[in-house]
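Colleague: With chain P held as given, fit chain C onto it using these hints.
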Amino acid sequence: MSVLVARDLTRTYTLHGQPVEALRGVSLDVARGEYVAITGPSGCGKSTLLQLVGGIDVPTSGTVSMLGTRLDQLDDHELTRLRLHRIGFVFQRFHLLPVLTALENVELPMAEAGVPRRERLERAHELLRYVGLERRERHRATQLSGGEMQRVAIARALANRPAIILADEPTGELDAATGQEILALFRQLHADGTTLVVVTHDDRLAAEAGRVVRLLDGRVLG
Amino acid sequence: MSPLWGLRNLARHPLRTVLAVLGITVASALLLDMVLLAGGLERSFERLVLSRGYQIRVTPKGTLPFDTEATIGPVTPLVAAIRRDPDVVAAGPILAVALHARHADSLLPLVGYGVDPSGQGIYDLLEGSDLGAADSAGLLVGRTAAEALGLSVGDSVRLVGRLDPQVATMGVERRMVVRGVVRWLYDDRTMRSVGALLPVMQRFGWHAGNDRASLLMVRARADSLAGGVVARLREAHPEVGVNSVTDLVGQFRERISYFRQVSVILGTISLAVTVLLIATILTITVNERLGEIATLRALGVARRTVVTQVLVEGAALTLAGGALGVLLGLGTARYLDTILTAFPGLPASISFFVPQPQGLLTAAVLLLVTGTLAGAWPAWVAARAPIAATLRGEAP
Numbered sequence: 001m002s003v004l005v006a007r008d009l010t011r012t013y014t015l016h017g018q019p020v021e022a023l024r025g026v027s028l029d030v031a032r033g034e035y036v037a038i039t040g041p042s043g044c045g046k047s048t049l050l051q052l053v054g055g056i057d058v059p060t061s062g063t064v065s066m067l068g069t070r071l072d073q074l075d076d077h078e079l080t081r082l083r084l085h086r087i088g089f090v091f092q093r094f095h096l097l098p099v100l101t102a103l104e105n106v107e108l109p110m111a112e113a114g115v116p117r118r119e120r121l122e123r124a125h126e127l128l129r130y131v132g133l134e135r136r137e138r139h140r141a142t143q144l145s146g147g148e149m150q151r152v153a154i155a156r157a158l159a160n161r162p163a164i165i166l167a168d169e170p171t172g173e174l175d176a177a178t179g180q181e182i183l184a185l186f187r188q189l190h191a192d193g194t195t196l197v198v199v200t201h202d203d204r205l206a207a208e209a210g211r212v213v214r215l216l217d218g219r220v221l222g
Numbered sequence: 001m002s003p004l005w006g007l008r009n010l011a012r013h014p015l016r017t018v019l020a021v022l023g024i025t026v027a028s029a030l031l032l033d034m035v036l037l038a039g040g041l042e043r044s045f046e047r048l049v050l051s052r053g054y055q056i057r058v059t060p061k062g063t064l065p066f067d068t069e070a071t072i073g074p075v076t077p078l079v080a081a082i083r084r085d086p087d088v089v090a091a092g093p094i095l096a097v098a099l100h101a102r103h104a105d106s107l108l109p110l111v112g113y114g115v116d117p118s119g120q121g122i123y124d125l126l127e128g129s130d131l132g133a134a135d136s137a138g139l140l141v142g143r144t145a146a147e148a149l150g151l152s153v154g155d156s157v158r159l160v161g162r163l164d165p166q167v168a169t170m171g172v173e174r175r176m177v178v179r180g181v182v183r184w185l186y187d188d189r190t191m192r193s194v195g196a197l198l199p200v201m202q203r204f205g206w207h208a209g210n211d212r213a214s215l216l217m218v219r220a221r222a223d224s225l226a227g228g229v230v231a232r233l234r235e236a237h238p239e240v241g242v243n244s245v246t247d248l249v250g251q252f253r254e255r256i257s258y259f260r261q262v263s264v265i266l267g268t269i270s271l272a273v274t275v276l277l278i279a280t281i282l283t284i285t286v287n288e289r290l291g292e293i294a295t296l297r298a299l300g301v302a303r304r305t306v307v308t309q310v311l312v313e314g315a316a317l318t319l320a321g322g323a324l325g326v327l328l329g330l331g332t333a334r335y336l337d338t339i340l341t342a343f344p345g346l347p348a349s350i351s352f353f354v355p356q357p358q359g360l361l362t363a364a365v366l367l368l369v370t371g372t373l374a375g376a377w378p379a380w381v382a383a384r385a386p387i388a389a390t391l392r393g394e395a396p
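So the protein lines, in turn, are chains P and C. Each residue of the first sequence is one higher than the last, beginning at 1 in my numbering. Each residue of the second sequence is one higher than the last, beginning at 1 in my numbering.
There could be a bad hint or two in this list.
[Said to hold, decoys possible] Partner residues aside, some chain P positions facing chain C, computed with beta carbon under 7 Å:
1) Gln51
2) Ile56
3) Asp57
4) Ser61
5) Thr80
6) Arg83
7) Leu84
8) Phe89
9) Leu97
10) Pro109
11) Val115
12) Glu181
[Unchecked claim] To spell it out: a stretch of chain C is covered by chain P in this simulated footprint if at least three of its residues, at any positions, have a beta carbon under 8 Å from a beta carbon of chain P; those stretches are:
13) 6-19
14) 295-302
[As the list claims (entries may be wrong)] Pairwise CB distance ranges (calculated):
15) Pro355(C) to Glu126(P): 51 to 59 Å
16) Val365(C) to Gly25(P): 53 to 61 Å
17) Pro116(P) to Ala11(C): 25 to 33 Å
18) Val381(C) to Glu78(P): 20 to 28 Å
19) Pro116(P) to Gln358(C): 40 to 48 Å
20) Val365(C) to His125(P): 36 to 44 Å
21) Val365(C) to Pro116(P): 27 to 35 Å
Derived by calculation from the structure, the hints in this document are not laboratory data. The beta carbon of each residue, even a glycine, is placed where N, CA and C say it ideally should be.
Okay, chain P solo, but in the shape it has when bound (with noise of 0.2 Å):
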């Protein structure tokens, strides 16, 4: 069963008064338990598209959707209760909030859910362990190396069990060796049997999924 399908998207921007064609007619189909990797040369319009099937931009045309939900379809409210409970983000640059610490950083989205305070503890401490940072988890988010804030924004992103992890360029901002770290959390993470989008220019990440889906010009190749 495919968890995200996307149909012939396209998405222009305005830029300076001029309009520019980010994707030209994309289409995706992820499975569930499916690790593909979006590749593909600077403004090819990678994380335009993963922005787009994670609900967080309106395609110009063309459909997404998620678990069989239309997200064309879903009001503000809904689209946000859908990237809480069934989407997982992590960002190129880690966006942890720097005035809380890991675990409360963990903590937030399960907060935003209304899971009760004793158990998002407990799967907070679980998901830090499961990252390799129970002992940072007091660390507020600016005293943690850049390896230690991804691996946080990545329990963070499981925080509410997500149907999908979408992730954009995860060691883009990373050392070779800290990249190295995020690389077996991801293949950890796909063995374990969650469902990844990952957006990369990085070859080692792309290596890793299971599917390569190359971009070049706001379409895909091949």
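Modeller: Same frame as chain P, now just chain C:
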């Protein structure tokens, strides 16, 4: 999501937060002072004129108590008639005269009150004893007069009345014995006042044999009965002015209406300053955090939650500034009160800034509501920020 994020954001820029709180403190102190001032003088005046329970004043027609040198009389039958009213429990005349006391080799000017101790509402006894009904040599002195003349209970002093400075003649002089030290309720801080029985003081003034008084103070059995007594007295004695405390407060309110206007204008300005200050601070902090807010929205945090977080920041700033503002406002009010009540002619016991639970509550609610709402615009901006564009760094 707990308010933790919003509150901890305030700690990101401690200097900015401290300056904002100080700004709100000053603005809320001004608001509080204006709320206290708006009705303070009026409430203080009402408290003063009711301090001994006398709800009615009888004065020369068309005047307010001690407003002019006009007198009413003959006062003895008038007092007797008023006391016959079944709802009146006490009535007493008061006469104010100018007199002098011999002190060393000079004459010290004094204010003299002629009173009937069985029905007086203008002094509180502090030391010694009150005047007896036939104590024609007895004298009550206020603290200021006692200090100026070096008098204490049991001392004697020579009082001089009907002094004509143009021809330097003295109409009457007699030795009086201090029976008690009192607080004259309507005196300002500089007034040196003494009191004696009404007939004695009439002889010191220009009223000998005329049975005159400056006013009468009347106490009804209950406040609710005062209106009826006033109506009956007006009908029975149309030659004098009869006013209840409510009437006097009304007339006083008209005279000081500019205080209320000034306080409303300044209070509104202070509220506006608070709103602008909080809105500015929150707009800056929200603009700095648009990326974080877009992240929160991407993670599935509802707009309502984001708005709540920003409003919590506004409320926290308001609460902190408001709490300090109460302390500053009360301190400022006390200081201003000492300056304003030092004006000659104002009773020392009157106050311009009177804390009232309802006034304080009004100021607190106004401040909290407006302070929190000041965050509404930045909160709305934060919640509406386009997620993808903001994350891409394309947001304005």
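Colleague: All the hints need checking, so say for each whether the structure fits it.
Modeller: The hints, checked one at a time:
A least Cβ separation of about 4 Å between glutamine 51(P) and chain C falls short of the 7 Å threshold, and the interface hint therefore holds. Nearest Cβ of chain C to the Cβ of isoleucine 56(P): about 4 Å, under the 7 Å cut. The hint holds. At about 4 Å, the closest approach between the beta carbon of aspartate 57(P) and any beta carbon in chain C falls short of 7 Å, and the interface hint on this residue holds. A hinted interface residue such as serine 61(P) counts as satisfied when its beta carbon comes closer than 7 Å to some beta carbon of chain C; here the least separation is about 16 Å, so the hint is violated.
Against a cut-off of 7 Å between C-beta atoms, the interface hint on threonine 80(P) holds, since the closest Cβ of chain C lies about 5 Å away. Satisfaction of the interface hint for arginine 83(P) is found here, the shortest Cβ-Cβ separation to chain C being roughly 4 Å, below the 7 Å cut-off. At its closest, the beta carbon of leucine 84(P) sits 2 Å from a beta carbon of chain C; the interface hint therefore holds under the 7 Å criterion. Evaluation of the phenylalanine 89(P) hint against chain C yields a held restraint, the C-beta minimum of about 5 Å falling below 7 Å.
For leucine 97(P), the shortest C-beta to C-beta distance to chain C is roughly 6 Å, which falls under 7 Å, so the interface hint holds. The beta carbon of proline 109(P) comes within 5 Å of a beta carbon in chain C, closer than 7 Å, and the hint placing it at the interface holds. The interface hint given for valine 115(P) is violated, since its Cβ lies 11 Å from the closest Cβ of chain C, which is over the 7 Å cut-off. Contact between glutamate 181(P) and chain C, as hinted, is not supported at the beta carbon level, the nearest pair being about 22 Å apart and thus beyond 7 Å.
With 4 residues carrying a beta carbon less than 8 Å from a beta carbon of chain P, the region 6-19 of chain C meets the three-residue requirement, and the given coverage holds. For a cut-off of 8 Å, the count of residues in the region 295-302 of chain C with a CB near a CB of chain P stands at 8, and the three-residue condition holds. Against the hinted window of 51 to 59 Å, the Cβ-Cβ separation of proline 355(C) and glutamate 126(P) comes to about 55 Å, which satisfies the hint. At roughly 58 Å, the beta-carbon separation of valine 365(C) and glycine 25(P) lies within the given 53 to 61 Å, and the hint holds.
About 27 Å separates the C-beta atoms of proline 116(P) and alanine 11(C), a value consistent with the hinted range of 25 to 33 Å. Between valine 381(C) and glutamate 78(P) the CB atoms are about 23 Å apart, so this pair conforms to the stated range of 20 to 28 Å. The hinted window of 40 to 48 Å between proline 116(P) and glutamine 358(C) holds, with their beta carbons roughly 41 Å apart. Range check, valine 365(C) to histidine 125(P): about 42 Å between beta-carbon atoms, so the 36 to 44 Å window is met.
A hinted range of 27 to 35 Å holds for the C-beta pair valine 365(C) and proline 116(P), which are about 34 Å apart.
Consistency note: the structure conflicts with the earlier hints numbered 4, 11, 12.
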